[in-house]
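*Asks:* Per the working numbering, residue 2 is the first one in the sequence shown, and the count goes up by one each step.
Please note that a few of the clues may not be correct.
What the hints assert, rightly or not - Straight-line distance between alpha carbons at most 25 Å, and here's what the computed SDA-like set of lysine to any residue pairs gives:
| id | residue 1 | residue 2 |
| --- | --- | --- |
| 1 | Lys-57 | Tyr-33 |
| 2 | Lys-20 | Tyr-39 |
| 3 | Lys-10 | Ala-23 |
| 4 | Lys-10 | Val-22 |
| 5 | Lys-10 | Val-25 |
| 6 | Lys-57 | Arg-21 |
| 7 | Lys-52 | Lys-10 |
| 8 | Lys-57 | Asn-38 |
| 9 | Lys-19 | Arg-43 |
| 10 | Lys-52 | Leu-34 |
| 11 | Lys-52 | Arg-21 |
| 12 | Lys-19 | Pro-40 |
| 13 | Lys-44 | Lys-57 |
| 14 | Lys-57 | Leu-18 |
| 15 | Lys-20 | Val-30 |
| 16 | Lys-19 | Ala-29 |
| 17 | Lys-52 | His-26 |
Said to hold, decoys possible - Between beta-carbon pairs, the in silico distance windows are:
| id | residue 1 | residue 2 | range |
| --- | --- | --- | --- |
| 18 | Met-45 | Val-22 | 23 to 33 Å |
| 19 | His-26 | Gly-60 | 41 to 51 Å |
| 20 | Glu-17 | Ser-59 | 11 to 21 Å |
| 21 | Met-12 | Tyr-39 | 31 to 41 Å |
| 22 | Ser-13 | Tyr-39 | 21 to 31 Å |
| 23 | Tyr-8 | Met-41 | 37 to 47 Å |
| 24 | Leu-18 | Ser-54 | 17 to 27 Å |
| 25 | Val-25 | Gly-60 | 22 to 32 Å |
| 26 | Glu-49 | Lys-20 | 15 to 25 Å |
| 27 | Pro-40 | Met-12 | 24 to 34 Å |
These are calculated hints, taken from the structure and not from any lab test. The beta carbon of each residue, even a glycine, is placed where N, CA and C say it ideally should be.
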Amino acid sequence: MNVIMHYSKDMSDIEELKKRVASVHIEAVNNYLNRQNYPMERKMELIESLKNSIDKQSGQIT
Numbered sequence: 002m003n004v005i006m007h008y009s010k011d012m013s014d015i016e017e018l019k020k021r022v023a024s025v026h027i028e029a030v031n032n033y034l035n036r037q038n039y040p041m042e043r044k045m046e047l048i049e050s051l052k053n054s055i056d057k058q059s060g061q062i063t
């Protein structure tokens with residue numbers, strides 16, 4: 002299947018797209034974790050690990 006994407010050149014539209022993509026990713030991770038039979042502490046550890054990984058990739062330190 003081929004998909005053609007037409008991206009906006011307007012920065013405000015690009016930022017809105019980034020926010021929407023992030024929202025979908027967050028929802029997917031949340032849904033995945035909710036389906037797992039992990040204790041709440043383990044789920045929180047996984048979320049913290051993901052956050053640290055994202056921060057490291059983006060050059061942020063928390």
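*Asks:* Does each hint hold? Answer for all of them.
*Replies:* Going down the list of hints, with the structure as the test:
For the proposed pair Lys-57 and Tyr-33, the alpha carbon gap of about 23 Å is at most 25 Å, so the pair holds. As the CA atoms of Lys-20 and Tyr-39 are separated by approximately 29 Å, the hinted pair breaks the 25 Å bound. Our distance criterion of 25 Å between C-alpha atoms is met by Lys-10 and Ala-23, whose separation comes to about 19 Å. Of the pairs offered as hints, the one joining Lys-10 and Val-22 holds, with about 17 Å between alpha carbons and a cut-off of 25 Å not exceeded.
For a cut-off of 25 Å, the pair hint linking Lys-10 to Val-25 stands: about 22 Å separates their Cα positions. Distance restraint check for Lys-57 and Arg-21: the Cα-Cα separation of roughly 22 Å lies within the 25 Å cut-off, and the hinted pair is therefore satisfied. Between Lys-52 and Lys-10 the CA atoms are separated by roughly 29 Å; this puts the pair beyond 25 Å, and the hint is violated. Of the pairs offered as hints, the one joining Lys-57 and Asn-38 is violated, with about 28 Å between alpha carbons and a cut-off of 25 Å exceeded.
A C-alpha spacing of about 28 Å is found between Lys-19 and Arg-43, which places the hinted pair above 25 Å, so the restraint is violated. Our distance criterion of 25 Å between C-alpha atoms is met by Lys-52 and Leu-34, whose separation comes to about 14 Å. Only pairs whose Cα atoms come within 25 Å are accepted, and Lys-52 paired with Arg-21 is accepted, the gap being roughly 18 Å. For the suggested pair Lys-19 and Pro-40, the alpha carbons sit about 31 Å apart, so the restraint of at most 25 Å is broken.
Taking the CA atoms of Lys-44 and Lys-57, the gap is near 20 Å; set against the 25 Å cutoff, the hint holds. This hinted pair checks out: Lys-57 and Leu-18 have alpha carbons roughly 22 Å apart, not beyond 25 Å. Distance hint between Lys-20 and Val-30 is fulfilled; the C-alpha atoms sit about 15 Å from each other, no more than 25 Å. At roughly 15 Å between alpha-carbon atoms, Lys-19 and Ala-29 fall within 25 Å of each other, so this suggested pair holds.
Proximity of Lys-52 to His-26 is assessed by CA-CA distance (about 13 Å); at most 25 Å being required, the pair is judged to hold. At about 24 Å, the CB distance of Met-45 to Val-22 agrees with the hint of 23 to 33 Å. Between His-26 and Gly-60 the beta carbons are some 19 Å apart, a value that contradicts the proposed interval 41 to 51 Å. A hinted range of 11 to 21 Å holds for the C-beta pair Glu-17 and Ser-59, which are about 19 Å apart.
Taken as a hint, the range 31 to 41 Å holds for the pair Met-12 and Tyr-39, whose Cβ atoms sit roughly 40 Å apart. Between Ser-13 and Tyr-39, the C-beta spacing of about 39 Å breaks the proposed range 21 to 31 Å. The hinted window of 37 to 47 Å between Tyr-8 and Met-41 holds, with their beta carbons roughly 39 Å apart. A beta carbon spacing of about 22 Å between Leu-18 and Ser-54 agrees with the range 17 to 27 Å that was offered as a hint.
Under the hint 22 to 32 Å, the C-beta atoms of Val-25 and Gly-60, about 23 Å apart, fit the expected range. Take Glu-49 and Lys-20: their Cβ atoms lie about 22 Å apart, and the range 15 to 25 Å holds. At roughly 43 Å, the beta carbons of Pro-40 and Met-12 sit outside the given window of 24 to 34 Å.
Against the hints set out earlier in the document, violations occur for numbers 2, 7, 8, 9, 12, 19, 22, 27.
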